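Construct the complete structure from the given sequences, taking the supplied hints into account.
Same order as they appear, the protein sequences are chains A and B. Note that this note's numbering numbers the first sequence so that position 102 is 207, with each residue one more than the last. Note that this note's numbering numbers the second sequence so that position 206 is 231, with each residue one more than the last.
Bear in mind the hints are in silico, worked out from the structure with no lab data behind them. Please read these numbers as outputs of a predicted model, since none were measured by experiment. Be aware that one or more of the hints could be misleading.
Stated by the list, open to error - With a straight-line cut-off of 27 Å between C-alpha atoms, the simulated DSS-like cross-links for lysine-lysine are:
id	chain 1	residue 1	chain 2	residue 2
1	B	55	B	162
2	B	55	A	300
3	B	45	A	297
4	B	153	B	141
5	B	147	A	297
6	A	151	A	330
7	A	297	B	141
Unchecked claim - Computed footprint of chain A on chain B; a stretch qualifies when at least three of its residues, placed anywhere within it, have a C-beta under 8 Å from a C-beta of chain A:
id	stretch
8	68 to 81
9	155 to 164
10	180 to 186
By construction, the Cβ of each residue, glycine as well, lies at the ideal position given by its N, Cα and C atoms.
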Amino acid sequence: MSQKSETVVYYVLQFIALSAMGSLLLIALFILKEGFPFILEEGPSKFLFSSTWEPAKEHFGIFPMLVGSVWVTFGALVVGGPLGVAGAIYLVEFTPKGLMRIIKPVIELLAGIPSVVYGFMGVAVLAPLIRTYIGGPGLSVLAASLILGIMILPTVMSISMDALNSVPPSYKEGSLALGATRWQTQYMVVLKAAKSGILASIILGMGRAIGETMAVIMVAGNAVKIPNSVLDSVRTLTANIALEMGYATGRHRQALFATGVVLFLVIMMLNSFAMWSLKERRKK
Amino acid sequence: MLKMDIQKVDLFYGEFQALKGVSMPIQANKITALIGPSGCGKSTLLRCLNRMNDLIPNVRIQGTILLDNFNIYEPGARVEDIRKRVGMVFQRPNPFPMSVFDNVVYGLRVAGNFNKSFLAEKAEKSLKAAWLWDNVKDRLRDSALDLPLDQQQRLCIARLIAVEPEVILMDEPCSALDPIATAKIEELMNELRASYTIVIVTHNMHQAARVSDFTGYMLLGEMVEFGVTSEVFITPKDKRTQDYISGKYG
Chain A
106 MSQKSETVVY YVLQFIALSA MGSLLLIALF ILKEGFPFIL EEGPSKFLFS
156 STWEPAKEHF GIFPMLVGSV WVTFGALVVG GPLGVAGAIY LVEFTPKGLM
206 RIIKPVIELL AGIPSVVYGF MGVAVLAPLI RTYIGGPGLS VLAASLILGI
256 MILPTVMSIS MDALNSVPPS YKEGSLALGA TRWQTQYMVV LKAAKSGILA
306 SIILGMGRAI GETMAVIMVA GNAVKIPNSV LDSVRTLTAN IALEMGYATG
356 RHRQALFATG VVLFLVIMML NSFAMWSLKE RRKK
Chain B
26 MLKMDIQKVD LFYGEFQALK GVSMPIQANK ITALIGPSGC GKSTLLRCLN
76 RMNDLIPNVR IQGTILLDNF NIYEPGARVE DIRKRVGMVF QRPNPFPMSV
126 FDNVVYGLRV AGNFNKSFLA EKAEKSLKAA WLWDNVKDRL RDSALDLPLD
176 QQQRLCIARL IAVEPEVILM DEPCSALDPI ATAKIEELMN ELRASYTIVI
226 VTHNMHQAAR VSDFTGYMLL GEMVEFGVTS EVFITPKDKR TQDYISGKYG
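Structure representation (structure tokens):
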């Protein structure tokens with residue numbers, strides 16, 4: 106009897122576990138099926154590198170959005186990367202345990218704030234500030250980078266903190282025993298030992314930044330053109346899909362799926378690279 | 026000649042007293058061994074000598090430890106300077122995850138030396154002094170973590186020699202090594218005695234008897250007996266030392 110219920114539980118759990126994987130597979134297949142033929146039909150280079158996006162006239166070039174995504178993501182990394190890594194170092198190495206117990210949950214809370222709230226802050230506070238004090242329309246690459254930079258902080262910080270915490274204490278002791286200061290020990294030994302984990306944290310943060318939609322739609326301005334400066338308005342790949350999917354039909358709809366394929370591939374690539382560098386770390 | 030002098034040191038981990046009024050002289054260019062059962066405080070005492078205990082929260086230390094008549098616990102004493110003069114080799118070899126060369130010159134770079142030919146010269150000299158040069162001269166750029174354990178430990182010694190400390194502390198330096206590797210390290214210690222003052226913690230009594238000039242026997246945070254090694258081992262004054270050495274205890 107109990108043997109039988111064991112078997113039942115085993116298969117139920119197996120089904121649940123596999124269904125998560127299965128749905129990922131189905132989503133991937135669906136997007137590929139809907140989008141990939143379009144890319145082939147249109148020609149990959151024309152689809153990726155033509156800069157006219159006028160669905161009404163059957164012009165489907167996603168280059169401005171591609172550039173927009175790259176700018177915004179890069180900007181988010183410039184803002185969030187150094188902040189996140191420096192914050193992680195401070196929290197792991199220089200924060201007393203008591204203070205840590207307050208700061209760490211607050212950072213984790215940052216990850217729980219809905220992205221629309223970040224977007225709202227961007228529209229209501231950040232964009233007017235940029236418009237008034239720096240110039241341009243306010244809704245811009247700069248605004249999107251700052252907002253996304255803050256949004257990726259929890260990812261970058263928590264994974265960097267894991268990486269720093271997993272550096273064997275013996276490295277640190279060895280360095281201090283040779284007369285190194287705490288800061289010298291940090292950048293000459295600990296950071297080197299945690300390098301691959303920190304790299305992974307930045308790549309995963311990058312994946313989040315590329316995939317983020319709601320906050321970006323709200324603060325980036327969404328103009329379909331290649332930006333000339335960080336004060337210009339841009340549209341990202343994700344924003345393009347979200348903004349037009351509601352009314353798109355026919356080839357236009359297929360083109361949006363094809364945009365999804367491009368995004369999917371980019372994010373898969375980033376994630377596998379992050380996995381790989383985390384594995385490198387474990388090997389040591 | 027007296028190199029260091031431990032005078033009535035008490036150490037507390039929170040409420041627990043790990044060292045009770047410990048005093049011990051450390052003679053220059055001699056090997057002083059600390060023996061005793063696990064938890065007797067010998068490693069704790071060793072780590073007082075280069076202030077490594079400062080890293081542990083809630084540690085309180087009273088008493089005086091002199092290094093050339095200078096109290097290393099004096100307020101305002103620079104810990105980094107003390108640790109440059111009193112270096113340490115750890116129980117498990119802990120080379121940094123970088124190349125052999127970068128490991129050896131680490132301490133020099135920390136001290137602000139970046140001259141390439143100076144570093145290369147120092148690295149060769151230090152590796153030779155640790156009897157490692159012939160093993161690694163063709164693989165200075167390889168990761169130190171790929172070396173066998175005993176070479177890793179000798180690399181840690183070379184790394185220390187490079188910064189020219191005055192005192193070398195060794196915390197059970199052979200416990201991760203096999204007998205042949207242990208013999209090599211002991212031989213090396215014997216050689217290093219000419220230029221350095223060495224303090225070694227070991228729970229291998231035979232090792233203490235083989236390599237040291239002076240021996241201190243510790244039990245439950247107290248220094249039970251201290252003296253010339255041959256006397257401590259052959260004619261111990263304290264009953265407890267005798268029990269430990271004859272194997273009745275520990």
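Would the pair residue 45 of chain B and residue 297 of chain A pass a check requiring their Cα atoms to be no farther apart than 27 Å?
40 Å, violated
Between the stretch 155 to 164 of chain B and chain A, are there enough contacts, at least three residues with CB-CB distance under 8 Å, for the coverage claim to hold?
violated (count 0)
CA of residue 151 of chain A to CA of residue 330 of chain A, is that 27 Å or under?
16 Å, holds
Quick check: the stretch 68 to 81 of chain B, covered by chain A? Criterion 3+ residues, Cβ under 8 Å.
Per the Cβ count (3), the hint holds.
Given hint residue 162 of chain B paired with residue 55 of chain B - CA-CA distance at most 27 Å
Roughly 30 Å separates the two Cα atoms, so the pair is violated.
Given the proposed pairing of residue 147 of chain B with residue 297 of chain A, does the C-alpha separation stay at or below 27 Å?
23 Å, holds
With a C-beta cutoff of 8 Å, work out whether three or more residues of the stretch 180 to 186 of chain B approach chain A closely enough for the coverage to hold.
holds (count 3)
Does residue 153 of chain B pair with residue 141 of chain B here, judged by a C-alpha cut-off of 27 Å?
18 Å, holds
Holds or violated: residue 297 of chain A and residue 141 of chain B, Cα atoms, limit 27 Å.
Holds, because 21 Å separates the two Cα atoms, which is no more than 27 Å.
Does residue 300 of chain A sit within 27 Å of residue 55 of chain B, going by the straight-line distance between their CA atoms?
42 Å, violated
Checked against the numbered hints above, the structure violates hints 1, 2, 3 and 9; every other hint is satisfied.
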